[in-house]
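Colleague: First to last, the sequence lines map onto chains V and P. All residue numbers for the first sequence refer to the working numbering, where the first residue is 1 and numbers rise by one. All residue numbers for the second sequence refer to the working numbering, where the first residue is 1 and numbers rise by one.
Keep in mind that the hints were calculated from the coordinates and are not lab data. Where hints are given, some of them may not hold.
To be verified - With a cut-off of at most 30 Å between alpha-carbon atoms, the simulated DSSO-like pairs for lysine-lysine come out as follows:
1. P/Lys-212 - P/Lys-148
2. P/Lys-298 - V/Lys-394
3. P/Lys-148 - V/Lys-574
Claimed, not checked - With the Cβ distance kept under 7 Å, some of the chain V side facing chain P (calculated, not the full set):
4. Glu-587
5. Gly-588
6. Gln-591
7. Leu-592
8. Asn-595
9. Lys-596
Here the structure is a predicted model, which is why all the values come from computation and not from measurement. Glycine residues also receive a C-beta, built at the ideal position from the N, C-alpha and C atoms.
This is what each chain is made of:
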Amino acid sequence: MNERVTKLRQRSLETEAYISAERAELMTEFYRSAGNSSVPVRRALAFKYMLERKEICINPGELIVGERGEAPKATYTYPELCCHTLEDLDILDSRPKISYNVSPQVRDAYEHRIIPYWEGKSMRDLIFAEMSETWKAAYDAGIFTEFMEQRAPGHTVLDDKIYRRGFLEFIADINDHLARLDYLNDVEAYQKQEELKAMRISAEGIILFAERYAEKAKELAQMETDVLRKAELEKIAEICSHVPAHAPRTYWEALQAYWFVHLGVIIELNTWDAFNPGRLDQHLYPFYKQGLAEGTLTEEEAKELLECFWVKFNNQPAPPKVGVTAAESGTYTDFANINSGGLKADGSDGVNDVTYLVLDVIDEMRLLQPSSNIQLSKKNPDRFMRRAARIIRKGWGQPSVFNADTVVEELLRQGKSIEDARQGGTSGCVETGAFGKESYILTGYFNLPKIFELVLHNGLDPKTGLRLGLETGDPKGFSSFAELFAAFKKQLHYFIDVKVKGSNIIERLYAAYMPSPFLSILIDDCIAKAKDYNDGGARYNTNYIQGVGLGSLTDTLSGIRYHVFDQKDLTMEKLLKALEDNFLGHEGVRQLLLNKTPTLEMIMTTPTRSWWTFLTRTILK
Amino acid sequence: MVDGQIINIMKYSIHDGPGIRTTVFLKGCPLNCQWCHNPESQRFGQELLYRPDRCIGCGLCLEVCPNGAIIAKSGNLKFLRDQCQVCGACCQVCYAGVRELVGKTMSVREVLAEIEKDVVFYDESGGGVTFSGGEAVMQPVFLLEMLKECRKKEIHTAVETCGYVNLEFLQTISEYVNLFLYDLKLMDSQKHQALTGVPNERILENLSWLVKNHSRVIVRVPIIPGINDDEENVALIGEFVTSLKQGQELHLLPYHKAGVDKYQRLGRTYLLPELQSPGHERLEQIAGKLEQLGLKVKIGGGSK
């Protein structure tokens, strides 16, 4: 790591995160004076409005430019999705883990301008107004969470399109599709027109944003006294006036083009922060090879640029949550997770020289963001695996390892084409997807042990005494494990239905009120279908409910099956009493369950299979 | 079919032969090494492990013990090991894990089912199953059955032995063993007798036969500071093994204290409490010396 990178990295690590009201203020300003237009066009105009006005920030010494907020670690909020209360801001400011400084000015802006405008108007308000009493009771009891009450959908990853084409070309595409709309026969033609217009406005917005960076770099260059830095700033100005309007010509331009796109996505909405360049090594390789061959790029320069690029990710904290999630989850980091290795679209080994460069950068930078993983295929060389293993063994947690061949298999099973599957990978935590072509909608965690707890209480929540679920029978009356498990399946099925009914409404609410035209430009086939990313415009649309607590559920089922039904050394009455007392005064029962329960392997596979059977039946129909 | 007396089946073992292995520990050993780190493996038949620190005072053991080996004394439970007939009734009811029977009877089929669960790991890592102990060869009929079954399933087999066994047994099983891990401790037979309970002539003779007649033997020498790491013993071991086969593979296993607590749980006294693990430097010296004699030496027990 050279001196420049060391300084940039250090600054990124030392700067404290703070809440910036810039986006919330601009958004409020825009909506106060917004004229009458279709929803997608209004969203696009809001996006452009922000990019025309937001602060432009070029940090000393950096080579890749652009921040989401007005400075590194400025953290945006998204009041149109979910508006922080003053209490939320106080919690974020004072919570012990990963706090966000909240200045009196930000608090003031919220109190006097932002909250008064958005109160009752956010997506969150809309969602809760539309959910059934059953859904709300289950949500309150912690049976499931709902991701989209605070974040927009958009857990997705980019493919190679921005390295081949500039936004002017995307605009040409959009105009093409606009010209071909069939107003005579297609009853959706108007809707499509508005969506396409919205995409065009968003594309213009990002070009304008880059041009503002070019201007700023020029300005700084004129004032700069250091000759070397002056030249760098001139170069930055030249790059920013070329990308992302046009396709990148060089390695440096490729990285800068991606970074503008990244900022566009995370400024438009707070899309689960999983957005990332995906197969960065493969996207960069042609530029790298060309630069080296022409003598315009050295390996050291390529690495330095990549490290400057890394710092940009780490400068963007995750947008913090509201309510109990803000208070208790200690909102973590972003989830940009860069994939290396894997396969090429034609099925051959995807590892190249940039892959090793990326691994070196991971090793040297040791930053929380971006996260990194290797996609390990049997077609990859051992050198790749060894190099990654040498980093992993240092023990700081990156890169993670995925079986690329299994990932491809999984994507194929979900119906993706083989080429799309090979160019896919994993993102966020572990979610697989077809990069640049898929909308993965994460709907929330589903608490499996809680469902079982309801079964043990015949549908009542022992915490509140409220009836939440079906009456699946008094467990004291069950004469076999099969009966108990059948009751569990019934209760599980019931709540999956509750969840899915809610999700179906929430997804439509996003489609109708919160389209994301900028992201739609980036994900195939939104332009071709003239449909928004949040409205099924992507080539592949996947919904997830994330079942959690499988370990606890397995332990629970094993214990009950073994002791209550097989060994009969514990009665259901005794067990329920112990649970009611949280094991106080029942140490023997606790020790029995803890120490004398064998791991029943089939016990884990059975509920997992039930989970999948239900989910696929309900969702993939 | 004869059942086996098993102490434990350990998954993901990487120190008992190549790759990822499942190690089956058989109970009972003809030796009584003072430094033994698995004292519960020495005796044949079941034993009771006792960990009073875990006791929650529920008193269930008191109710079920038919031999009066547990008494309540001023609110505490006291264990009279002399009275204990190792019937295991108390272990059945001891939920807190204070009382645990070590040693269980398992059929060939049961053990095989456990081994087969990890075949995918053996295949991927070049691993397999290791029969250890105690002394695995002391249960020759069971062992032979196990080995034959593993061969049928194409599972790589290793047998770890102290060598103090009937040569005929060794000869009978050797056809079904892919790898012998053969322990060699002390060359002085009197000292061997004093510290392990038996002389070493038979061990040396059996090793001679095995090295000459079996394709894959690794000699394993535990390095126990102050007991067998002296220059003379090291040199004698080196000379003896080289005389059997030039370039013979030999592994040095550094002594460790992991088993010391178990003596207390068994109601026994550990005779070598002062003993420390050998330093890496010393191990390197010994390895260097043995290599000079023409042996292929490695420190540690896992290998390819």
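Colleague: A separate judgement is required for each hint: does it hold in the structure or not?
Modeller: Evaluated hints:
no.	hint	verdict
1	P/Lys-212 - P/Lys-148	holds, 23 Å
2	P/Lys-298 - V/Lys-394	holds, 25 Å
3	P/Lys-148 - V/Lys-574	violated, 48 Å
4	Glu-587	holds, 5 Å
5	Gly-588	holds, 5 Å
6	Gln-591	holds, 4 Å
7	Leu-592	holds, 4 Å
8	Asn-595	holds, 4 Å
9	Lys-596	holds, 6 Å
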